Structure formats: structure tokens, C-alpha cells
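Asker: Based on these hints, arrange chains B, C and D on the given structure of chain A.
Protein chains: 4
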Amino acid sequence: MYDIGRGKRAARAFSLDDIAIVPTRRTRGIDQVNLKWRIDAMSFEFPFVAAPMDSVMSPDTAIEFGRLGGLGVINLEGLWTRYEDPQPIFTELAEIQDAHTATKRLQQVYAAPINPELITERMRTIRDAGVPVAGSLSPQNAREFASVVLAANPDFFVIRGMAVSAEHVSNVAEPLNLKKFIYDLDVPVIVGGCASYQTALHLMRTGAAGVLVGFGGAATTTTMKVLGIQIPMATVISDAAEARRDYMDESGGRYVHVIADTAMGTSGDIAKALACGADAAMIGSPLARATEAPGRGWHWGAEAWHESVPRGERVAFDTVGTLQQILTGPSTIPDGSMNLVGALRRTLASTGYTEVKEFQRIEVVVR
Amino acid sequence: MYDIGRGKRAARAFSLDDIAIVPTRRTRGIDQVNLKWRIDAMSFEFPFVAAPMDSVMSPDTAIEFGRLGGLGVINLEGLWTRYEDPQPIFTELAEIQDAHTATKRLQQVYAAPINPELITERMRTIRDAGVPVAGSLSPQNAREFASVVLAANPDFFVIRGMAVSAEHVSNVAEPLNLKKFIYDLDVPVIVGGCASYQTALHLMRTGAAGVLVGFGGAATTTTMKVLGIQIPMATVISDAAEARRDYMDESGGRYVHVIADTAMGTSGDIAKALACGADAAMIGSPLARATEAPGRGWHWGAEAWHESVPRGERVAFDTVGTLQQILTGPSTIPDGSMNLVGALRRTLASTGYTEVKEFQRIEVVVR
Amino acid sequence: MYDIGRGKRAARAFSLDDIAIVPTRRTRGIDQVNLKWRIDAMSFEFPFVAAPMDSVMSPDTAIEFGRLGGLGVINLEGLWTRYEDPQPIFTELAEIQDAHTATKRLQQVYAAPINPELITERMRTIRDAGVPVAGSLSPQNAREFASVVLAANPDFFVIRGMAVSAEHVSNVAEPLNLKKFIYDLDVPVIVGGCASYQTALHLMRTGAAGVLVGFGGAATTTTMKVLGIQIPMATVISDAAEARRDYMDESGGRYVHVIADTAMGTSGDIAKALACGADAAMIGSPLARATEAPGRGWHWGAEAWHESVPRGERVAFDTVGTLQQILTGPSTIPDGSMNLVGALRRTLASTGYTEVKEFQRIEVVVR
Amino acid sequence: MYDIGRGKRAARAFSLDDIAIVPTRRTRGIDQVNLKWRIDAMSFEFPFVAAPMDSVMSPDTAIEFGRLGGLGVINLEGLWTRYEDPQPIFTELAEIQDAHTATKRLQQVYAAPINPELITERMRTIRDAGVPVAGSLSPQNAREFASVVLAANPDFFVIRGMAVSAEHVSNVAEPLNLKKFIYDLDVPVIVGGCASYQTALHLMRTGAAGVLVGFGGAATTTTMKVLGIQIPMATVISDAAEARRDYMDESGGRYVHVIADTAMGTSGDIAKALACGADAAMIGSPLARATEAPGRGWHWGAEAWHESVPRGERVAFDTVGTLQQILTGPSTIPDGSMNLVGALRRTLASTGYTEVKEFQRIEVVVR
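Protein chains in written order, with this note's numbering: chain A, 285 to 651; chain B, 285 to 651; chain C, 285 to 651; chain D, 285 to 651.
Only chain A is shown next, with the shape it has when bound in the complex:
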């Protein structure tokens, strides 16, 4: 604890940039590493969830992500559910270079209403492709569209907002009672973002299968400048991992997955998130670099189009290869943007681990 001044004390908090993984005395063959990720009744080839952001997840890329072995999540309140054919909008947005103009245009195109029929259609498209189906709503819209989503029979229901809490108080709208809401659903729920031990614990108690840790999207948010709020990810993941342990104890053995959902920009970042205790990573910006990415070189989150207090920006990313190359390689760019799976496999092998669950215990250092 530090004394900020006479009237305030504060703990030190750590971002993933503040830490590094250090090798141990053991190494393992790359062949020995097993990255399979099991959550609820499902199993995935690797512990990556694609972020429900319009610039990376379309029905097509969600399907491709699923085929490659991960869990794609489609944004059910984005352009794909507001427009029958959003492609012209993506094209138009991609041609806007000026940041100010882009923000204004985003605010306009996202002002269109969500069409429930499109929710159904987008999920059916993914379902028909034979891959796991998952869609996301914000807490604000979760109740209104829940029945539509459930009717589409998804494998996972994702509730994702900037700050989701177990205690929300409002005058104008009856707040979502997450515990009751999740209990009533017949489908596993992944919910977040959470940013503290307490919130993680509360969200675990709602019956969620996984909690998202962080705000989502460090690459695109400007929340620190606009709100003064920041999620120091190494600290918050470690706090949520402790909540997972405590909740497992109090619940008599229920294991709720901790999914890191901020600052997952490179394979190195993902490795450090798991080293801090995450079970999986929700990735956005690495996928924005795919040739198939709907954003066509641009990446943005829901914060970017808030009608009165936008706190995210559209960010340009170089395209580096196909979704497959980005996920499973081979890599031809040594900056952590390609072959995320191969890189993670190698981090475990180089430090003597074969399973993510064990790797969560690896030593890290403050650098």
C-alpha cells in the first residue's frame, strides 16, 4: 500500500506489460503440450474466445473461428442485427480515414434499431455451419432479446458490458437481476466485464459458466482518458483467479472459468494472462489483422459508438494473414500477431508445462 497523500491510500496494481514470465528449470517437448479447453459441456482445441466485436466477428468469421477449434461469438447488437446487409456500411466505414468523422459515422450507423429476426438469422447461419454458436448482448439489452436468443438454441449466451456488476441500481429501468436471469436460462452464460475480486465472486454466484475479466478491448478503448478508470489486467486476473478458488470452495466444487478480456494484443499477452490465472482469453485485435476481418483493417468496440460519451476509437491494424495463419500459423511475422496457438504451445513447452491449468502457477516477475 502506498500513501497517495494524507487522505488516501492505494495499492499498486499491475498491467500485463509490468510483468514477464521467466523460464523454470524444466523444458518440455512441444508435442507434449495440450491446449484443449473444456467449459461446460463443450471442448475446444485452444482456450481462445473470439470477441463479439463487429470489426472481427461476422457470421462467416465466427464460423471459420469455430472450424479452427475456438469459440466464436457474434455481437447480437451490432451491424449484423441492425442491417439486413451491413456490407455496404463496412465498406463505407473502411473508406473513412479521419478519426473524428469515423466516430460520428459510427454513432449514426449504430443508431439503427436491432432487428430480432436478424438475431435469429445470424445464429441460424452459424448453427447451420456445424460449429458452436454463441452470441453476445449487453446487460442493457439482455432481457429484451433473451427469448429471441434462446429460441435460436445457442451453445453459449454471452452478456458483455463495460462494467457488469451483481448490484446495479437504476431509477429508469428495473435492473437486470443477473442471478435470476441466468438461473432461468437453459444455456451456459459467460458474463463480464468484471474488474475486481468482489465482482468476480458475485458474478460466479449468479451461476455463470465463465466470467469475462476486464473491460474488453484495450486496443480500442480510451476509458482511462475519458473516465479515469483503468483495469490493471495482471492484478485483476489474479484477483478473479482467487475468486474462482474461493467460489469453488464455497460452492462445493463448481469451477467457473476466468476469461481475460482486455489487452490480449499479442501471443505474449495471452501467455501472461494465463500465467496470472486465466483459463482462456477473449481476443479481439489479433483477429482484426486477418484478411477475412469484416473491419477491413479497422478495429472498434462498442465504446466507440456511444451516443453521448464515446470512449473508444477506431484503430487501424495491418492485415498480416488469414484467420488460420493468425491462429495456428505458420507465422511469418515475429511480433506476436501470428500463430497464437503455436506461440502459446511454445511458451508452455519452454517453461516446462503441458497443461494450461498447471501453467497458471508459473512464476512471473515484475520487470
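These are calculated hints, taken from the structure and not from any lab test.
One or more of the hints may lead you astray.
Because identical chains share one entry, a pair is satisfied inside a single copy or across any pair of copies.
Calculated lysine-lysine pairs in the DSSO-like style (CA-CA distance at most 30 Å, straight line) [claimed, not checked]:
1. K509 to K320
2. K509 to K641
3. K320 to K641
4. K509 to K388
As the structure is a computational prediction, the values presented were derived from the model and not from experiment.
Answerer: Just chains B, C and D, lined up with the frame of chain A:
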């Protein structure tokens, strides 16, 4: 405490950049947040005071700031009280690009004498518009022009200098006895800058309604380079907040407002200042980005035109929108420069608070 | 120890940039300094080993390095043992400016098989020049080519990989049993990289004459971005030096040399590595600045051409002088890139030391 | 103390950039501040000594510096004592833009021998102007030219080297016995640089009137890169100030002045050096910005022309005004480069001090 060397120990001090607000387990509806600020007999829509700097406050912008719900303060020893019509000077200054030339020209134009009649006229203009009236003088000029100011019947009298102390000793001029001076006035006084617990406490004992914490104007001062002096704002605000508590105890309940007056560059900075214990923020550089700003894209403080030791520079700011957009939005630029009120409202909601007074207790972290 | 969060603690680790050597109360004449380095049966004029990287070590530069008094090491799985005449490849590579293209081309040219006859030939060339002969293999290739290397009768056998451990487990290949392998060899072995006290101790127990500390090549690796792993060199060298002391105790007096093999970019870095306890430094990037360097202004390590997870890049370096000028001066560029020997001599003299072994005890500070 | 690793511990050391002066509860009138500096039998208007560097001190500028009230020191082994008329060389050097070429040319022009008659002549020129006379030699040359210097009857004899110690051992040359040497001289000696409490104490015991703390010339040295050595000035000044106290005690009251001689780039740096305990500052780079500076926009120290291990570079500085403006203003550039005396006066006033001796006790913070 650190050992700087064998002969010196030092505490760690924190700037607002060193800290971040972290979410709690609660969130609130944006509608629940109440930003109203009451000081002395007056009430404002939001806790922002406009900085008495010529580049942002003219009679017109002070009026507009007041109409929008804040407290505008006009600089009573700036160009508006030295020149009948300062507009040609603003025009000329705006056309100077070279920094060195600008400093010299500022030194020249501010060498003109203050005209007491203009003090009266400027304040009357604001009064006639039906908004709260506040004007500022430096401690050096406070006594000479006090009667003129009082005759204009202001709502607040602001005494603002780089380092205002309760104990000032001088050979050439009898120093301002702040306690007596403020006691004799019939109008609430806001006084600063102060930069320590002791000074804050002393200034509170003078009878001031509010104390300004900081030097004023991190965006434009170069005091660190010139004097080696710096105000670590997170630390100093927290110290002043503790002085407020201690003074309230010793005075039997008098509450003196702590107004952060340095480094208030973005809505995020303002949120962090309140999180450290400030009641309100005096803002300069955000207003320099208004289309109505007299500085026309340039921003400077009184330090910039000191005749022998200038320690501030004229800084260029992009214009982003009207004063109204900057204060109450909607924002179309996600960098903390627009919709300062909406952003602050959102910070409180996202962290589960409804009142600034409560929000002062929120947890922050050293990052 | 820091609390990263509730579920993770971490020690602070230090890079060489984090520390500085501080003068003592003594100084010595430059003439008094003795930099001679003795390892196994050999003696060198200065404690520098040239890194077995294709961009710096060809048979010719290994010979020149040896003639100047150091230990040159040729990479036995690089271009010189894959191609009868690699010069056209070096020429072609030097002409590629684009980083992405360079990585792909490196992956291609290193896909050619290693020719054992060329191993023999390259080592014979060096032997014929009358300088010490040393060649390096990665742990993966050590067994396959060991007999060929031994037949060439080298003075040192270097086993160098990113993370060499005493405990390696693999399904596909029987891992190299370093202890048995080194015991069976008749030639002194230098082995690494190691990155912890435990690994250093284990490698010392294999019978090695020296251990390489670090990953090799901070100038060219992007391991932090790709794998999340970083070697904080000041910490790791100091840990390995302690392992050297402990192993000397447990072995009844066997002294295993600690050779710093990462981040040796300037003469200042080398001095700080020795100050942390290293006996010698393996240097790469300073040699890439020689007019004779095979890389012709480019520098890369084995990480740069990994077929599926490259984690290094080709880096451009300005040529500053001949190998002799770089090693023994005189220097005409005051940036730590020239006269590495003279600079090290001067560091010792300026701080009152005459021998590296004593200098390892000098006080350093965290800056 | 930090554990760098298992085998090394280190203290934290602080540069002047790491700290800031914070205001106190008092302020003083600028008129009350007294900057007079008394050392040995002499008194100066302000506590500044001009650094004996060829780029700033010629006989003419030393005279001007003295007339303005400070102590100018001429370099007695620079171009002015190697060449009857060095002006063509200054002209030629000023026209060289390329750094590499400049270093080589500096090495050549400084290879010319020192002419003792020119030592005499340069000092006489200064003496004839009626200002205090001080000349500097390195420890290497001190004995050889001491008699010549003494014959010129200087007010101060400055012995200035990179690392001057009380214990120097050499084979080739009998080292300078500083204690005996200084005792034998009839003139007050200022000696340094020293970089630790121990060395400061030892140098005080030699009988010196002042000790120079630091290496001299942070603006131009690259010692960190070349030698790995760095002087954290806040720490070292504070250590030397403690040595001053301890020596005063052991000597029964002899006060040896601590003169900061590194990193004195701005008026803010100077203020912080005094705040750490220095009595005066030796300034180089601020004077390189004078219209009269012999370096004509370039600045370099003796490290820049070392024949085999140069560890300094020629640095370009913008010319900002006359020597008088730089020292006593008025300033028209708010970056700490002008009106050094006025700025220091203001720092003391703003923090409630009237004397440097008192100001040495001011509180500083680690920022």
C-alpha cells in the same frame, strides 16, 4: 520514505497519471447520478469552475459557462482589464507561430496597466447576463483593486497565484494579510494555489470558502524546468482533503471546498481529482478547445508573460466543438475532451456512486 | 515480493538498463588492469566470446576474432554448414529491405539441410588459421552431429538454445541427457541459455566448463511479444553467479564460468554484466557493426527463422569500423560500440579494480 | 535495498529528474532572497561556477562571467593553451555537422601539446580584466603544470577529472598525492569529480576548499553507454553534503563547499541540486547557449576527445541570448535556459527561503 542519499530523505508523491480509478462491485444507472455542486450560498449544475485565463475566459465565455451551469471566473488583471478592446491583440497573438516571438509579445502586451474602470465594466457585463459573477486577482494586486471588485458586487472573489501562502514576508511591500483581508470582505473568497497540507489548512483558516489546489495550468506551465518545483496533484489533493477534514473538526463544522486547479486536461483527470478528494475542478485547457475560446487555438497562463522569469508557454490546442459540447456533449471525440459532465456522470455510475461526496472515497490504484 | 493480485506474488527482476555502476573511493591506472580470461586449459586476452550467429561469425571473422585474442564460435547449423558457398545468400538477404519478406526468405534458406561435411570443413578452416576452434549446435541437433564435431577436434563445444534445461521431457524424441552427453565428450562444453538459479546449478552439474546466461540476442529477439517470456539479465546473471558459488562449494572447488549471453549491446552493458557476477560476455550485436560482418549491416539470430513461430527479427546496424577497432580500438564513436576492450579496461580502472574477478563485487545501484 | 538477484544487492539511487521540490507553507518576497556565495576569501553574486570546457569558457567569456558576478574557470589543457590562436579551429569545428567526423577531428586537434607559456598568458589576460582568476587541470597534468599555474597567481586552482580519488594506484606514473599536493599549494583548490560519500570525505581531507560532485557534463557524456557508470546526482549530492557535515565535525569546523558538477542543464536542475545539499553549481550547457560561447552552438567536454575511449559527444545547442541574459535575464524563453539567477531567486522566494544554506533543507519528493 526514500533515502535520496545520506543527507536527504523524501516521500513518494503521485501525479494523477500515476493512479487509476478501479471499478467496484456496484454500478448505478446514469440517471441516478447527481453532480450538483453547492458552495457558500450558491448551487451549480456541475462541479466545474472555469479558470481565469485570458485564452479561455472572456466576458462572453464566462457568461456562456455560467448559463451552462458552471462558475465562470474572469481574469481581472488580463487583457480584458488592460485594453478597452483586446480583440485585435488576441487576433495578433493568434497569428504568431514562433514560441520565442510569442513569449516576447505576451510580455509586451501584458505590460500595459490595469484599468480599474474596465474591471467594473467587465463584471457588470457578466452580471447583466444573469449568471454568477466571479473575478480573479493575484495576491500582488488583490489589495489595490479589491474595492473596485467589491463595488461590482461579485458572487465570488478569487485570489489566485502560483504559490499563495498564509505566511508571506517581504521587504518592499507589506504583504497581504489574507486572514484580515478575507475577513473584511463581504463576499466569499476562493484562494490558492496551495500545494501542501499545511498551506491548505492555513488558507482554510483565513475564512476562504474554497481553496485552489495546485499551481494552475499544468498544460502551460514549465515550472519544473524553470524552478525545479512540481505539484504532484494526486498527493496534494489528498493532503488538502485531509486538511479539509481536520479544519472541519477544529472549526466545529465549517466545510471549505477543495478545488483542483492543475492538470485538469481530460474528463478522466477530473474524475481522478475528485477520487482523490477534490470537491470541484478548475478547468482551463479543456475550454481552450472550444470554438468560442478567446485564445483561438492557443492557451496560456499568467506564468507565460512574467517580465523576467516566464515559466509557462503558449500551447496550441485543436478546437473540438462548442463550449456546450465540451461541457455537456454529446461527444464525438473519444479522448476526454468533450462532454466532461457526461463523462463524470458515467464514471460515478460505472463505479456505483451517485454523489461526488461519496465518490471521494472510491478506491484508486497506483499503476 | 509484490502482490500482483490476490492469487499471485512476484519478485522484482532487473534488467541491465535498470542498474548503473557507481564509482568507489579508489581509482587505478589503466595500465594496472588485467583482462585476461582463463577457462579450462585456455587463456584469452579478454573475456569476450563471439556469438555463433550467422550475421557475425563466418570462418573468416571467427579467425579474426581469435587472432585478436577472443574466442570465436561458429554456428554449426547456420548457412555455412547448409551451403557450400553461402555468400550469394548473404548478398541476397542484405538486399531485402522489407521485414516481412526477410522473415519468409530466412525461413526458406534455413530450410536447407545441414551438411556434416561442411561442419568438418568450416572447423578445419579455423583450425588451420591457428586460433582456438569452437562450434555451436542447438540441443536438438547436438546428438546427431556431435561425432562430426568431435572429429574436428575443437577447443570448445557450445550447446546453445533458447531455453536449455537439465530436465527436458518429450514424446517424439528422446531428450538429450546433458549430463551423460557432456561426460562422454572429451572436450570442454559451454552450454546455455539458462535463466534461473536452478537451471544454472543443474547445468553446472552436467560438467560444463561454462554456462550461457540468457536467451542470446536481446537485439534481435521478440520473445517477450511472442511468448511473454523475458530474461531480466541483471537478476539472472546475479542468480547464476550465486549458483557458481554454491556449485563450487558442493563440487569441492570446480569453477564453472558464467557467460552473459543477452543484451550485450554496448561496452557499458558488458561492464554491468560483469559487475553482476559474469565471468565473460558472449557478444553479438557489437560485432554486427564490423566492416567484416557477414550480415553486411543486418543482424539476426536463430529465432528469426523458426519455421512456425519465429520470435526474432532481422535488425539493421550501422557499420562503425573493423573488428579490430570494435574490439581494441581506438574508438572514434562514443556510443559504446567501439573499443570494447579499452572501455572495459577503463571501467575497471575508474572504479579501482584490476581484475574482473574482483570487479564482480563492485557496488551497483538501481536507478 | 533491492535484491538484484541471489548474488547482488543494490540501493536505489536518484537522479535530479527523479525528484521535485514542493512548496512549503511559507513564501518570501523576491527582494528578500540573498544568493551571495562566499568560498575561501572570496564572495560572488551567485553560487555559479562556469565549467572549464572549451565550448563555453574562453578568456573573454571567463572575464564576462566574472564581471557578471560568478566564478569563471578556464580550461588550462584545452585549445586555448595548445594553440596561440585557436579561433580558426573553433570555426572549423563549428562547420562540421557529422558526429563521427567531429569526434575524429576533436581527437586530432587536442593531440597538440600544451604550451606552458599560453597557460601563463591566458591567466594573465583574465587577471588584467580585474575578475577572479581560476584555471583547471586534470589530475594527470596537475603536477607537471602546477608551478606554471601558481606563478600566474590564480584565485582558485581547479583539479577536475572524470573520477578523482584519494587513492589512485598506477604502475607507469607516480600518482598525484592530492593531500600533499594541495597542502603545498598556496592557493585554494577545488577538486573533483567525486561520486560517493567516501570519496567526498577523502577529498575534503586533502584540504580542498571545494569538491566537485559528479563527472561533469551530463549533457555531453555517454559514460553510461561506454563504461556502464552513472552518477545519480540527487543521491551523490546528498551523500557529499553529509560528508561535508561529518568532515566539519571531524575537522573542528572546516566547511568544504559541495559544488554540483553534472546535469546542471536548467535553472530547475540547479535549484534541485541546491535542495539536495549543494552549495553551488558548476554550469556548462546553459552557457553553451550564449551568443558569446566559443563553441558557436556546439558543446563538448574532455571526454569527447579521448584518444582511445571517447565517451562524450559534441552536442548542438540553440543560442538563446547573451551570457548576461542567460545569467541574470530578463528571460524570454520559459524553458529554464535563461535568467538562471532570477529563477533560482524565485524558487527560494516561492518556497519561503532567503538563503541557499537554509534552502538546502527544503523538502523534496520522489515523483
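Asker: Are there hints from earlier that the structure breaks, and if so, what are their numbers?
Answerer: The structure conflicts with no hint, since it agrees with every one listed earlier.
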